[in-house]
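2 protein chains.
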Amino acid sequence: MTEKNEKNPSGKTPNPQVSRRNLLVGAAAGTIGAAPFAAAPAGAAAAEDVVDLTREHAFYGAAEQAGIRTPPQRYAVYMTFDLTSPRAADLQVLLARWSGAIAQLMKGQTIGPVEPMRNSGVGFDTGEALDLGPASLTVTVGLGPRVFTDAYGLAQRKPALLRELMALPSDTLKPELSGGDLSLQACADDPQVAYHAIRDLARIAKDTGTAATRWTVMGFGRASAGKGQSTPRNLLGFKDGTRNIKDDADFEQFVWTKAGPQWERHGTYQVARKIQMHIENWDTDRVSDQNNVLGRHKISGAPLTGSDEFDTPDFGKKQADGTLIIPATAHIRLAAHENNGGIKILRRSYNYTDGINQFGLLDAGLLFIAYMNDPAHFEAIQTRLGASDGLNEYISHIGSAIFFVPPAPQNGSYIGEALFA
Amino acid sequence: MTEKNEKNPSGKTPNPQVSRRNLLVGAAAGTIGAAPFAAAPAGAAAAEDVVDLTREHAFYGAAEQAGIRTPPQRYAVYMTFDLTSPRAADLQVLLARWSGAIAQLMKGQTIGPVEPMRNSGVGFDTGEALDLGPASLTVTVGLGPRVFTDAYGLAQRKPALLRELMALPSDTLKPELSGGDLSLQACADDPQVAYHAIRDLARIAKDTGTAATRWTVMGFGRASAGKGQSTPRNLLGFKDGTRNIKDDADFEQFVWTKAGPQWERHGTYQVARKIQMHIENWDTDRVSDQNNVLGRHKISGAPLTGSDEFDTPDFGKKQADGTLIIPATAHIRLAAHENNGGIKILRRSYNYTDGINQFGLLDAGLLFIAYMNDPAHFEAIQTRLGASDGLNEYISHIGSAIFFVPPAPQNGSYIGEALFA
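Each protein sequence line maps, in turn, to chains A and B.
According to the numbering used here, the stretch in the first sequence is residues 135 to 555, in order.
According to the numbering used here, the stretch in the second sequence is residues 135 to 555, in order.
Hints in this document: simulated from the structure, not taken from any laboratory.
Predicted, not measured: the structure shown is a model, and the values here were computed from it.
The reader is advised that the hints may include incorrect statements.
It does not matter which identical chain is meant; a pair holds if it fits inside one copy or across any two.
[Claimed, not checked] Within a straight-line C-alpha distance of at most 20 Å, the following computed SDA-like cross-link-like pairs (lysine to any residue) qualify:
no.: 1; residue 1: Lys-340; residue 2: Leu-495
no.: 2; residue 1: Lys-308; residue 2: Gln-492
no.: 3; residue 1: Lys-451; residue 2: Phe-388
no.: 4; residue 1: Lys-241; residue 2: Ser-441
Work out the full structure, taking the sequences as your base and the hints as a guide.
Written as structure tokens, this is what we have:
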């Protein structure tokens, strides 16, 4: 943890024994100037009911970019871009300008004057996040496969495992919701803070003639749990992320890039999928069937073989009649590391809605974002899920993209600087 | 104020001297069990940085429905419906079922079992708001003009001033984003709580065969100020709602219906407009021009004739060369009650985004919702704005609807019950 958790960041590493939940409570107490730093009360679930919008994370100095290991904030705006300039120098300038702007935004500051001197010019910052504070904003930058081509003189710098994802079973991808040369994942505890960040960064890309918007999703509720967080629910009404990566050892083994040149290390691969959920169909399904589709109990989140959310699923356990208790097509069986050669990926997903579709049905789903040190890990899991998952009747993968996420910049540097050295 | 502001609602009327900001601070302190109820600290803006998701409002017993005078929550989901049943009894049952469900939802409870007995049936509640708390949810129900027709035997019950809005200058309304026989406005400090409410209420409408979804907007940031709240910003980057109705006397004079049969009194008319903002064009405009378009300074929100946000605009003041300081086409001049025969309307708007449009431009705007005791008041103001507002270059009114909002039900009753007596 390198994030700054206090109102006046000291830059010191917080006590690892202190959970984010406790820090949230402490920060809330700080705003009223009366209570000392306090441990979480008994029945601590209430602490997550308090959102402190003054929290900030650091952009510079950590090994890895923020917004990956960072406990998922409540809201996200994700956007990808197509490069519109053929010049590597333009890409370089864009990454430098984005980095400088992101550093400001994560501090809750504007990226430049809202009202330039004497109001004679165009504002550098669009202003709608003035007064809103940092709200735990992180902006995470990804580089797509097409960045690393001869056109930009970067073919030799291509991260070892970066490539387009293979075609996967059940894919119904729409080109207009897929791909991109650059990605921005803005997450915050206030969606207007996240939207403002993406808006102003998109404006820089456009004004410099370097990149144009491609596709975007706004996530209105987190659907993955980080360390110390309770498990949220996706729009199927089920807890999502119970077995997500939370421990440092798993981050080291499965998320961060370890090999290759220095500039790739502490990077990671980002896979984004727009997964439409046919929620009105889902809502007509018996809950007993829903539980079998997921392999968990809806309310408790416990595996069908257990009684507590965090009980380890017993995939071999059978009923008296010999049938598997967690069905062969259950989502958690197919996705489990036990059944995928030990593979784990970090999920950092958000619920989204696109309103009402042409048939008058609620149009909603999951902005699935995952991080891993080998895209083949996602492909392996999704190959099994896409082929056999009982959930496929209720979901469609309609968007997809992959990016390499370079390590965090040190102070005075910018994301991807080493690429151009 | 009849809302319950404490974690353990006492039902007592709060001290009118205690602002919502103070109550928020008090509630936050309550969650850590250490600090006594405290007055807002100096530099009190920080208090609004803490969001307490355990707050709840009451559905039954007040004179007026919640979600109108209620200080605007951070998020909204608005949806309208077309009646699909020709039977008045079906409408009656729907309003009764909606009322019962809303009362549960506003307490942070499910509308029925998520996992029915032995999981043998379909869930009554879709479950995605389990664990999220009430989050200050309000759901406000509106009845459109078509409800009051002979088809339902209700032509004689039509509220005196309910009718379709007249065509207005600059309107570019899309039928698929306009109209509806019923409206639901769900507002909460957690958008997933608001989305869940609308989803489950829409499901009741569909399952009973009574009403079908028509159009919807999710608002991701409040863009109107209530009493005791700081003024938020819309996606033009300007403060919105500085001169909004906040005082009881104005609510009595301009918002609540006073005449007509008993069941209309304490009702109000709801006008909803989906206003697209061409924000990328706006962002290329000089801030000096933006200030003239609005008639205010962007950062401070002060009128061009003043230095503080709440300074009264001086519409007659001129520069040395004789030109008006607040231009003739400035938004605040055209909208001001001083220039509209004293008319005021209550605004309760939210920022929205629809992502990226077909031209690759950011697609965003304002879900404008207003309440008034005579729809002609909105028409009068919008007639002036639509004809002359400098802002028209940057906005399009693409959706529109009008509803009568009946008074709140008393315990044991439901919204609109008197209609069917």
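- Message: Checking an output row: Lys-451 and Phe-388, CA cutoff 20 Å. Within, between, both or neither?
- Response: So Lys-451 and Phe-388 fail the 20 Å test inside a copy (28 Å) and across (67 Å) alike.
- Task: Check Lys-308 against Gln-492 for me: Cα-Cα at most 20 Å, and say if that holds within a copy, between copies, both or neither.
- Result: both (17 Å within a copy, 14 Å between copies)
- Query: With identical chains treated as interchangeable, where does the CA-CA distance between Lys-241 and Ser-441 reach 20 Å or less: within a copy, between copies, both, or neither?
  - Reply: Classified as neither: same-chain Cα gap 43 Å, cross-chain 27 Å, threshold 20 Å.
- When no copy is named, should Lys-340 and Leu-495 be tagged within, between, both, or neither for a Cα gap of at most 20 Å? Between copies only: 10 Å across chains, 35 Å inside a chain, cut-off 20 Å.
In this structure, the earlier hints numbered 3, 4 are contradicted, and the remaining ones agree with it.
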